[in-house]
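Chain by chain, the residues run as shown.
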Amino acid sequence: MLTRRPLRTWLLFGVMLVLNFFITGCWDRKEIEDRGFALGVGIDHVVTTQPKGQYDLPSVTQEFGERKYQVTFELPRFRKGEEKSGGGTESHYIFMGEGESMFQIVRAISAKTYFSLFFEETQVLIFSEAVAKEGISEILDYFLRNPGMRRKVGLFVTPGRAEDILTGKLKVEDVNSIFVSKILKNVNINPRFASLTNLGDIAEAIRGKKSFVMAEVVLENGEIKVTKTAIFNNQGKMIGEADEQEVVGGRLIRKKLKEGVISIANPANPEKLAAFEIVEAKTSVSSHLEGGRLWFTLEADFAGNLGENTEIDQKTLDPTFLSAVEEQLAAELTREVLAIYHKEQALQVEVFDLGALVRRQYPEYWKTIKDRWEEEIFPTVPLEVKIKVTVRRTGMIN
Amino acid sequence: MNFLPRISLMQFFVLCFISSFGVSMSTLPRSVAESAKEDMWLAVVVGGVAFLFTVWAITKLSGYFPQQTCFEYHRILLGSVLGEVANVLLVLLLITVPIISIRSFIVALKIYLLDLTPLSIIAITVLSFITYAGQYGLLPIIRTLQFVFMSSHLALLLIILLGFLAIKPSHYFPFMAQGFMPVLKGAIPSWYSYTGPEFIISCLYPFITRKEKVFKSGVVAVIVLMVVYTLIIGIVQGILGAEESAHMLIPTVIAYRSVEIPDTFIERLDGYFFSLWIPVFAVCMLIWVYLVAFGMKQICRLEYSRPVVVLLGPIILYFINVVPSVQIGSIISEWTNYAFIVWDIGVLPLLIVLAWWKEKRKNIC
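Protein chains in written order, with our numbering: chain A, -6 to 391; chain B, 1428 to 1792.
Calculated from the structure, these hints are not laboratory results. This structure is a prediction, so every number in the text was calculated from the model and none was measured. The C-beta atom is built at its ideal place from N, Cα and C for all residues, glycine as well. Hints are not guaranteed to be accurate.
With a straight-line Cα cutoff of 20 Å, these simulated SDA-like cross-link-like pairs (lysine to any residue) come out [said to hold, decoys possible]:
#, chain 1, residue 1, chain 2, residue 2
1, A, LYS248, B, LYS1537
2, A, LYS360, B, ALA1604
3, A, LYS202, B, HIS1674
4, A, LYS248, B, TYR1599
5, A, LYS145, B, ILE1594
6, A, LYS248, B, LYS1595
7, B, LYS1537, A, SER109
8, A, LYS249, B, PRO1596
9, B, LYS1537, A, LYS178
10, A, LYS23, B, GLY1698
11, A, LYS145, B, ILE1693
12, A, LYS248, B, ILE1594
13, A, LYS175, B, ILE1688
14, A, LYS360, B, PHE1600
15, A, LYS178, B, ILE1693
16, A, LYS248, B, GLY1665
17, B, LYS1537, A, MET142
18, B, LYS1537, A, LYS249
19, A, LYS178, B, GLY1698
Derived list of chain B stretches under chain A, where covered just means 3 residues or more per stretch with a C-beta under 8 Å from a C-beta of chain A [to be verified]:
#, segment
20, 1681 to 1687
21, 1713 to 1720
Hey, can you work out the whole structure from these sequences and the hints?
Structure (structure tokens):
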């Protein structure tokens, strides 16, 4: 007969034995190759609603909704250690679905693969210009609700079709989406480079009924370039774009111009150029209200180096020359600032957060104008620009 | 042998802190942002300052009965029938905390970490730990709390501070643009986040070694909580903004999922956040379940709370599954918050007056 003590020992042993069956693996275990890492998502309009092939595989069956969007997913192709890739299409898989519900399109991909799409590592979300012009707020709803999606995902617009950015063959050996997101690391080096706007920023703007901008991305001859800026109104519809010089002005107003190279005509010989590298930047933007009149002031102080001067006989340390360079640079930056400012006034959109500035500085006044801010008030508010440039060094030669 | 546990001031501080710091930090930014907007962080400070009154009130009340728990002095002050009713109501109030909190926690865990695991399995795991750790009385619980406090709470605080890397200063302005009323409204939902120390004091006061320092230690615990909550709310506000925080189901988790430190071994914070939040939450619930068991033991006049702790597991599990959705859970949570406010600033002062009156009569006689 078992005594009390051994019985408890046997029971404990039994429990531990049974536990072995339950704790040998994780309930949520999923092998990496079973995860469909959707690194890039491209959203276009459907080109034709005619069946594509006998079984019309891209079509997504929906209880409600049209065959409106073509959504392209770029997934990495995992290779064995010894395999080498030639880049482009050899680095990725492409899946597509056509429908209106993003959720159903995503789930429909599961009928074509053995894995389900996984958005934790998504790098970019690209909209075609046509889709952007129609509005992106409704499309983003799914991605904002999806718990797997991160708010740091970069959002882009492309003038052509978004699928081309994801499916095109690159000169470099990389997955297209990763390559696009990596380019953005250089955002501070190049001032003509549109600042990154991510899903969180756009969601905040849409929720706050504010206008916003999004970087444009293009692919041509195997090269990808992030360029220009798409301008969206407070309805989430693209209504214009800023060129690369206007991007510099826009970044200056948003205090995001920290580094970069600006070129001007050489003051001594207008046929030659001088290029200035921004090393230090201090920018402040203020709003002023007096007697019901509102205006903004922008004061910026840039210091840096004269990095290039193609008038080779010029003595670059000559104070007259340097002050002429400084004045010309200040004038050029002022022109770029006012160009984008006036463009946005004409478009009746305000993406510089100047409304938020007024709200912070004059909250009572803001309450009286907030509903008319973009359409009525902002287009009439002047901006005073005071830019000072200091050339600190002229490189290794005089 | 059944001996009385002795709680040092440091252990009392740890008990107070851990009892408050569980699940509410994940949803608090939403509740305060809805009312206080850009002043949401200030609402949490105001809520904490107001809560100090409760700490004073309960210390004062317990001071009248230094050798009795609240379940005992309720009977003395209100009479045996009314006192027992108050005890039952208090136990019901206390048990709603683990039910609502475990429900909210397991939903968050399922959404962001264990998407394939059924809710009930996560709940059973949490409750199994609580049942195991809670059945041997107060001292093993305190030892567990001390260990988790040193290992997990402090590490979680470090992770919380890393959130500063992703804030936008513009999200904090304008300051007090709507006046003070929205801040006061925001302070109401923040009350629930501080709830805990008053029940630690009322239930465990007889076991605390240096009773004259209880108020001071309680105040320190609430101030530390206030600082931590203000940091969390401030960081979430800085990352998401007030408008976005008010729209998020679990804003703290979403905010910390947005923090990335590229090219470092940490990279993303959310994994660390979750792995530390699990023990932090589990020990918080351990205290609440123990308090419920302690209350039931006193009501039923049992010698040990062990069978009650074992019994509570299935009961809590049942009620967790009764809540049909997160929305209903939020509504219940809101009403529980009001119930706690009524208890803290309505019932407690009334009991103090009664105790003072009884004391006065005793002195006259």
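To see whether the hints hold, each was checked on the structure:
1. Only pairs whose Cα atoms come within 20 Å are accepted, and LYS248/A paired with LYS1537/B is rejected, the gap being roughly 40 Å.
2. Simply put, LYS360/A and ALA1604/B have alpha-carbon atoms about 10 Å apart, close enough for the 20 Å limit, and the pair holds.
3. Between the alpha carbons of LYS202/A and HIS1674/B the distance comes to roughly 14 Å, so the proposed pair stays at or under 20 Å and holds.
4. Restraint check for LYS248/A and TYR1599/B: the C-alpha separation of about 18 Å stays at or below 20 Å, so the hint holds.
5. Of the pairs offered as hints, the one joining LYS145/A and ILE1594/B holds, with about 13 Å between alpha carbons and a cut-off of 20 Å not exceeded.
6. Simply put, LYS248/A and LYS1595/B have alpha-carbon atoms about 13 Å apart, close enough for the 20 Å limit, and the pair holds.
7. For the hint pairing LYS1537/B with SER109/A, the CA-to-CA distance comes to about 18 Å; that is within 20 Å, so the pair holds.
8. Restraint check for LYS249/A and PRO1596/B: the C-alpha separation of about 14 Å stays at or below 20 Å, so the hint holds.
9. A distance of roughly 33 Å separates the Cα atoms of LYS1537/B and LYS178/A; the hinted pair therefore is violated under the 20 Å criterion.
10. In summary, the hint linking LYS23/A to GLY1698/B is supported, as the alpha carbons are separated by about 16 Å, within the 20 Å threshold.
11. Of the pairs offered as hints, the one joining LYS145/A and ILE1693/B holds, with about 16 Å between alpha carbons and a cut-off of 20 Å not exceeded.
12. Note on LYS248/A and ILE1594/B: the hinted pairing holds, with a Cα-Cα distance of about 16 Å set against a maximum of 20 Å.
13. A hinted pair counts as satisfied when its Cα atoms are at most 20 Å apart, and LYS175/A with ILE1688/B qualifies at roughly 15 Å.
14. Between LYS360/A and PHE1600/B, the direct Cα distance comes to roughly 14 Å. Compliance with the 20 Å bound is thereby established for this hinted pair.
15. Distance check on the hinted pair: LYS178/A and ILE1693/B sit about 19 Å apart at the alpha-carbon level, within 20 Å; holds.
16. The hinted pair formed by LYS248/A and GLY1665/B meets the criterion: a straight-line CA distance of about 18 Å does not exceed 20 Å.
17. Using a Cα cut-off of 20 Å, the hinted pair LYS1537/B and MET142/A holds, with the two alpha carbons roughly 15 Å apart.
18. Note on LYS1537/B and LYS249/A: the hinted pairing is violated, with a Cα-Cα distance of about 39 Å set against a maximum of 20 Å.
19. Straight-line distance between C-alpha atoms of LYS178/A and GLY1698/B comes to about 24 Å, which puts the hinted pair past the 20 Å bound.
20. Coverage of the segment 1681 to 1687 of chain B by chain A holds [criterion: at least 3 residues with CB-CB distance below 8 Å; count 4].
21. A stretch counts as covered by a chain when three or more of its residues have a beta carbon under 8 Å from one of that chain; for the segment 1713 to 1720 of chain B and chain A the count is 0, and the coverage is violated.
The structure is inconsistent with the numbered hints 1, 9, 18, 19 and 21, although it conforms to all the rest.
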